[in-house]
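Colleague: If you want the building blocks of each chain, they are given just below.
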Amino acid sequence: MLSKRIIPCLDVHAGRVVKGVNFIDIRDAGDPVQMAKAFNEAGADELVFLDITASAHERSIMSDVVAKTAEEVFIPLTVGGGIRTVEDFRNMLKNGADKISVNTAALKNPTLISEAAEKFGSQCVVCAIDAKLRDDKSGWDVYLNGGRVNTGRDLLEWVYEIERLGAGEILLTSMDTDGTKDGYDLPATRAVSDIVNIPVIASGGAGQMSHFKDVLTVGGADAVLVASIFHYGDYTVQDVKDYFIKENIPVRV
Amino acid sequence: MGNLRSVQKAFEFLGFDAHITQNKNELVNASHIILPGVGAFADAAKSLAQSGMQEVMLNEIAKGKPFLGICLGMQLLFDQSFENGEHIGLSLVPGQVTRFDVTGLKVPHMGWNNLIVRDNALFDSEGADKYVYFVHSYHASDIPDEFIIGEADYGYRFTAAVQKDNVFGLQFHPEKSGDVGLSMLKRFGGLK
Chain C
1 MLSKRIIPCL
11 DVHAGRVVKG
21 VNFIDIRDAG
31 DPVQMAKAFN
41 EAGADELVFL
51 DITASAHERS
61 IMSDVVAKTA
71 EEVFIPLTVG
81 GGIRTVEDFR
91 NMLKNGADKI
101 SVNTAALKNP
111 TLISEAAEKF
121 GSQCVVCAID
131 AKLRDDKSGW
141 DVYLNGGRVN
151 TGRDLLEWVY
161 EIERLGAGEI
171 LLTSMDTDGT
181 KDGYDLPATR
191 AVSDIVNIPV
201 IASGGAGQMS
211 HFKDVLTVGG
221 ADAVLVASIF
231 HYGDYTVQDV
241 KDYFIKENIP
251 VRV
Chain E
1 MGNLRSVQKA
11 FEFLGFDAHI
21 TQNKNELVNA
31 SHIILPGVGA
41 FADAAKSLAQ
51 SGMQEVMLNE
61 IAKGKPFLGI
71 CLGMQLLFDQ
81 SFENGEHIGL
91 SLVPGQVTRF
101 DVTGLKVPHM
111 GWNNLIVRDN
121 ALFDSEGADK
131 YVYFVHSYHA
141 SDIPDEFIIG
151 EADYGYRFTA
161 AVQKDNVFGL
171 QFHPEKSGDV
181 GLSMLKRFGG
191 LK
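These protein sequence lines map, in sequence, to chains C and E.
The opening residue of the first sequence carries number 1 in this note's numbering; numbering runs sequentially from there.
The opening residue of the second sequence carries number 1 in this note's numbering; numbering runs sequentially from there.
Be a bit skeptical, because a hint or two may be false.
[What the hints assert, rightly or not] Taking CB as the label site, the calculated pair distances span: (1) Ala42(E) to Gly139(C): 35 to 45 Å; (2) Gly52(E) to Gln208(C): 22 to 32 Å; (3) Thr180(C) to Leu105(E): 51 to 61 Å; (4) Ser51(E) to Asp234(C): 49 to 59 Å; (5) Tyr160(C) to Glu146(E): 18 to 28 Å; (6) Pro94(E) to Met1(C): 51 to 61 Å.
Hints in this document: simulated from the structure, not taken from any laboratory.
Glycine included, each C-beta is placed from N, C-alpha and C at the ideal position.
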């Protein structure tokens, strides 16, 4: 049976992990390669590196980080942040990334999705979406630039379009639940999962174990992106897997 | 095209000398041949034939050189594929490639699934659970039982790994399947 995936996300700034996890035996929690290895050994199903760097120069550091990680870690690695062109895709894939996540660039130029899917295959095109419930609660709007600008686009229309353009997966972050630790956004995740036939990774709001179960069952998500719950040492990957086993959620053991 | 580099890096990590090549002589001189690949069947079949590498590759396989097809590289081994039409494969292993016919499940089949293995040179048969990483919308069908070495469940049971003599095919990505996958690549690299 297909497992539900647990995907730790590491924010990387100028080649250094921001909010690293204090694994035992890790000398440098800021080193993305060491962190990736530790998460791999801990049983993470995939990894996401999110480059939160601003400058192009610092971005070239990210290519090195990806290349070094791919030499030692043999689970799927997604890289996101600042990817704007098909050439950026090519560069990151060449360095060993398996999937590329795009957000703002896809909203500004949706053909980036179809061009990348055609050149490199849908399986490597992950569309990241920041969504927020409209004031009148009639649906969700899609935001760009890290949630700073409302595009006025409807979430469900956008996910329908990106699937048609050839995206392989959707990484949905709810701006309403992100950082709250009150649980994932179940209505938004369910609505997206119901209208697309590609996997949906839920992000934003995990604070306790039951939140994972809720979003994977009620929310219909295929995977959970996990950041702060690991960073602050509240839970380990193994804790989550043990919980999944107990709750009869299919998980890789 | 697939992520050739990932496969190469996995073999390098295991201590093998692995090259990405478009050179026919290099194929002749290699001890093992690996055909990775993601993308569309028809494009891959066409470029393999047009590059002239196919002819050399088939010769080497006929001589008994260990060969491993991964993902699309496995699908190319069969007689034909029904991905966007009907396309002829390499006919190294009898069978066809058909789309997942599942209701209520997403296609592509993407993520970690349990490989049900049969006793085989590639697989360590110790231990029951072998989770491996899949990304595919099509799978091998109508494979004679004697060539099936691994299966997985997604709506129904499908063929996830085959072997016919020195030809091996894996639908999943061993290079992305953690220690379980690395152990398979190591065993393949050790075949004589």
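Colleague: Tell me, which hint numbers fail for this structure?
Modeller: Hints 2, 3, 5, 6 contradicted; others consistent.
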